[in-house]
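A.B. asks: Residue numbers (numbering that gives the first Met the number 0), protein chains in the order written: chain A, 0 to 343; chain B, 0 to 343.
Identical chains blur together in the list; that is why a pair holds if it fits in one copy or across any two.
In silico DSS-like pairs for lysine-lysine, Cα to Cα no more than 27 Å straight-line: (1) K148 - K44; (2) K15 - K334; (3) K227 - K215; (4) K183 - K99; (5) K150 - K44; (6) K44 - K22; (7) K158 - K309; (8) K15 - K316; (9) K15 - K1; (10) K215 - K301; (11) K1 - K22; (12) K158 - K15; (13) K316 - K158.
These are computed hints drawn from the structure, not numbers from a lab.
As a plain string of letters, each chain reads:
Protein chains: 2
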Amino acid sequence: MKETEIAELGEFGLIKHLVSNFKSRNSSTIKAVGDDAAVIDYGQKMTLITTDLLLEGIHFDLTYCPLKHLGYKAAVVNFSDIYAMNGTPKQITVSLGISKRFTVEHIEELYAGIRLACEIYGVDLIGGDTSASVTGLLISITCIGEGDKDKIVYRNGAKDTDLICVSGDLGAAYMGLQLLEREKAVSKNAGNKEFSPAFEGKEYILERQLKPEARKDVIEELTQIGVKPTAMIDISDGLSSELLHICTQSNTGCIIYEERIPIDYQTACMAEEFNMNLVTAALNGGEDYELLFTVPLTEHEKVASMKTAKIIGRITKPELGCSMETRDGNELQLKAQGWNAFEH
Amino acid sequence: MKETEIAELGEFGLIKHLVSNFKSRNSSTIKAVGDDAAVIDYGQKMTLITTDLLLEGIHFDLTYCPLKHLGYKAAVVNFSDIYAMNGTPKQITVSLGISKRFTVEHIEELYAGIRLACEIYGVDLIGGDTSASVTGLLISITCIGEGDKDKIVYRNGAKDTDLICVSGDLGAAYMGLQLLEREKAVSKNAGNKEFSPAFEGKEYILERQLKPEARKDVIEELTQIGVKPTAMIDISDGLSSELLHICTQSNTGCIIYEERIPIDYQTACMAEEFNMNLVTAALNGGEDYELLFTVPLTEHEKVASMKTAKIIGRITKPELGCSMETRDGNELQLKAQGWNAFEH
Numbered sequence: 000m001k002e003t004e005i006a007e008l009g010e011f012g013l014i015k016h017l018v019s020n021f022k023s024r025n026s027s028t029i030k031a032v033g034d035d036a037a038v039i040d041y042g043q044k045m046t047l048i049t050t051d052l053l054l055e056g057i058h059f060d061l062t063y064c065p066l067k068h069l070g071y072k073a074a075v076v077n078f079s080d081i082y083a084m085n086g087t088p089k090q091i092t093v094s095l096g097i098s099k100r101f102t103v104e105h106i107e108e109l110y111a112g113i114r115l116a117c118e119i120y121g122v123d124l125i126g127g128d129t130s131a132s133v134t135g136l137l138i139s140i141t142c143i144g145e146g147d148k149d150k151i152v153y154r155n156g157a158k159d160t161d162l163i164c165v166s167g168d169l170g171a172a173y174m175g176l177q178l179l180e181r182e183k184a185v186s187k188n189a190g191n192k193e194f195s196p197a198f199e200g201k202e203y204i205l206e207r208q209l210k211p212e213a214r215k216d217v218i219e220e221l222t223q224i225g226v227k228p229t230a231m232i233d234i235s236d237g238l239s240s241e242l243l244h245i246c247t248q249s250n251t252g253c254i255i256y257e258e259r260i261p262i263d264y265q266t267a268c269m270a271e272e273f274n275m276n277l278v279t280a281a282l283n284g285g286e287d288y289e290l291l292f293t294v295p296l297t298e299h300e301k302v303a304s305m306k307t308a309k310i311i312g313r314i315t316k317p318e319l320g321c322s323m324e325t326r327d328g329n330e331l332q333l334k335a336q337g338w339n340a341f342e343h
Numbered sequence: 000m001k002e003t004e005i006a007e008l009g010e011f012g013l014i015k016h017l018v019s020n021f022k023s024r025n026s027s028t029i030k031a032v033g034d035d036a037a038v039i040d041y042g043q044k045m046t047l048i049t050t051d052l053l054l055e056g057i058h059f060d061l062t063y064c065p066l067k068h069l070g071y072k073a074a075v076v077n078f079s080d081i082y083a084m085n086g087t088p089k090q091i092t093v094s095l096g097i098s099k100r101f102t103v104e105h106i107e108e109l110y111a112g113i114r115l116a117c118e119i120y121g122v123d124l125i126g127g128d129t130s131a132s133v134t135g136l137l138i139s140i141t142c143i144g145e146g147d148k149d150k151i152v153y154r155n156g157a158k159d160t161d162l163i164c165v166s167g168d169l170g171a172a173y174m175g176l177q178l179l180e181r182e183k184a185v186s187k188n189a190g191n192k193e194f195s196p197a198f199e200g201k202e203y204i205l206e207r208q209l210k211p212e213a214r215k216d217v218i219e220e221l222t223q224i225g226v227k228p229t230a231m232i233d234i235s236d237g238l239s240s241e242l243l244h245i246c247t248q249s250n251t252g253c254i255i256y257e258e259r260i261p262i263d264y265q266t267a268c269m270a271e272e273f274n275m276n277l278v279t280a281a282l283n284g285g286e287d288y289e290l291l292f293t294v295p296l297t298e299h300e301k302v303a304s305m306k307t308a309k310i311i312g313r314i315t316k317p318e319l320g321c322s323m324e325t326r327d328g329n330e331l332q333l334k335a336q337g338w339n340a341f342e343h
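Model the full structure from these sequences, guided by the hints.
C.D. replies: Below, the structure is given as structure tokens:
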């Protein structure tokens with residue numbers, strides 16, 4: 000692989016080189032990269048803004064995370080936040096801090112992933128900032144989206160008796176991370192001996208960790224069946240933590256049923272292999288990027304038929320607290336044990 | 000000073016604590032911090048987006064840059080980009096990466112500066128992301144602003160015979176930085192001996208470096224006299240570099256006059272003390288955050304009377320190149336020697 004030092008191109012040269020492969024596809028993108036600010040025209044629609052910071056050594060480990068996947072994931076996790084407002088992601092800005100060990104080709108790989116995500120989700124790159132960093136790689140992405148005034152869904156609209164729904168399945172990204180960390184440790188111990196990681200049959204949980212998707216399809220299905228959620232959030236810090244956000248902001252309680260929590264077969268196998276509690280992984284494992292939402296009880300029939308999501312519980316009065324009914328009929332109080340970068 | 004470890008509050012606790020002092024003042028801010036994304040309503044106006052990344056050890060040195068000033072500057076440099084589009088900054092998101100050596104009180108100081116800037120410029124804090132970092136402090140700010148469709152000014156609209164104007168004075172922030180670096184070195188050599196930096200009579204250049212302002216007043220004066228620039232850019236990498244951006248994107252040449260370049264007395268004294276070429280500092284010293292703009296020749300009378308800006312040259316045909324006429328009547332070709340984080 001050819002290696003080009005970033006200093007050869009300089010900041011402006013690097014940006015020019017990287018963005019030359021991006022084409023704007025949204026009519027709302029009036030001016031993308033190349034001026035003091037980008038210009039967007041959403042007409043009468045509302046503007047949605049979300050931002051996410053990813054730091055090497057804190058949020059990702061390049062030992063097992065390919066740069067292209069990392070770029071894809073960094074973009075997609077931002078799209079997920081816009082979908083969680085019942086909106087559509089349209090533009091992103093990408094800021095990078097790059098230490099000396101990275102070459103132009105490395106950053107091209109990262110951008111190839113960002114570009115793929117932009118193509119698949121129909122998003123335009125409209126700006127950013129690129130700088131040298133003292134250590135490591137950092138990625139700061141801001142995503143801008145549009146939403147109809149009367150269709151935006153906040154976290155605070157859940158009402159007593161609403162149904163609680165979740166898309167996809169939970170805990171897979173977390174188990175994928177455990178597997179990657181284990182194989183990294185095994186590889187280290189193997190030293191110079193030949194080593195091939197034990198990834199067979201684990202493709203799903205690895206992909207959930209390394210190359211997650213945002214649930215655009217869930218938003219589309221909700222539109223299709225004519226249901227507007229009363230509250231919605233994306234699951235980045237674990238079902239338990241996100242459900243508590245909805246209940247706190249909506250001033251409600253909730254009950255979910257353990258037997259209804261969707262878990263993939265590979266996630267279950269991996270948890271058993273690690274001798275870990277499967278439900279704990281599903282409740283508190285991070286980075287699922289599924290959508291958690293509540294709908295009025297009157298919509299039961301419609302949401303029960305959804306392909307992309309299932310009902311896992313219901314909203315209650317606040318004095319009943321937030322709990323899970325276990326398979327053996329006990330009630331467990333839900334706790335926010337979500338991931339905290341300042342403690343880990 | 001009380002010291003509180005950030006882990007005591009955790010990520011959510013820290014954000015909640017920091018943003019509790021911010022009040023939204025813009026009617027366009029529909030939903031600020033506290034959901035998956037912020038919601039903005041600009042009605043029929045256009046949305047402007049700019050972003051800036053500041054890294055410790057690359058863009059700032061906490062040896063002499065107080066955290067409150069740093070917060071103020073980090074916000075203001077983004078506002079400057081929105082003004083450079085002839086727009087009005089309205090909202091910001093603030094993402095921070097924070098290493099272990101920083102306490103809650105440190106981050107409060109930083110936020111106090113951001114809050115002050117928001118108050119003075121009428122901007123709302125609407126979101127962000129906060130994380131632990133492996134080393135140092137990093138600040139990634141995205142600013143969102145509004146602009147009337149027919150009033151936004153790009154870099155590419157300059158025309159042959161247009162007048163070139165610049166606000167304020169140039170080179171001061173650069174000379175302020177030289178002074179701070181010198182006193183830092185002197186202080187280091189002094190070891191434990193008593194040391195007080197030689198800052199008397201240098202207040203202006205220090206403030207230009209440590210606590211710059213965005214030229215809201217220039218935009219206001221242009222509106223007041225009824226002049227819309229044909230092209231505009233803010234000067235962050237030096238007059239020379241920015242003027243070349245305008246000429247390249249507008250496909251023009253230009254000529255500016257050395258004797259017309261505005262330079263403050265303190266900047267001149269400092270350059271003499273350092274035995275540095277004053278005009279080089281004014282042409283290539285960064286971080287001025289002044290506005291550089293072009294106006295049709297027919298507006299000569301109006302812009303000649305401006306309090307906040309002065310005419311320094313004119314736009315020419317592209318084949319004439321970009322040059323400066325020196326005091327002794329020679330012509331020097333302008334070069335982009337702006338700051339490059341990948342080389343320094």
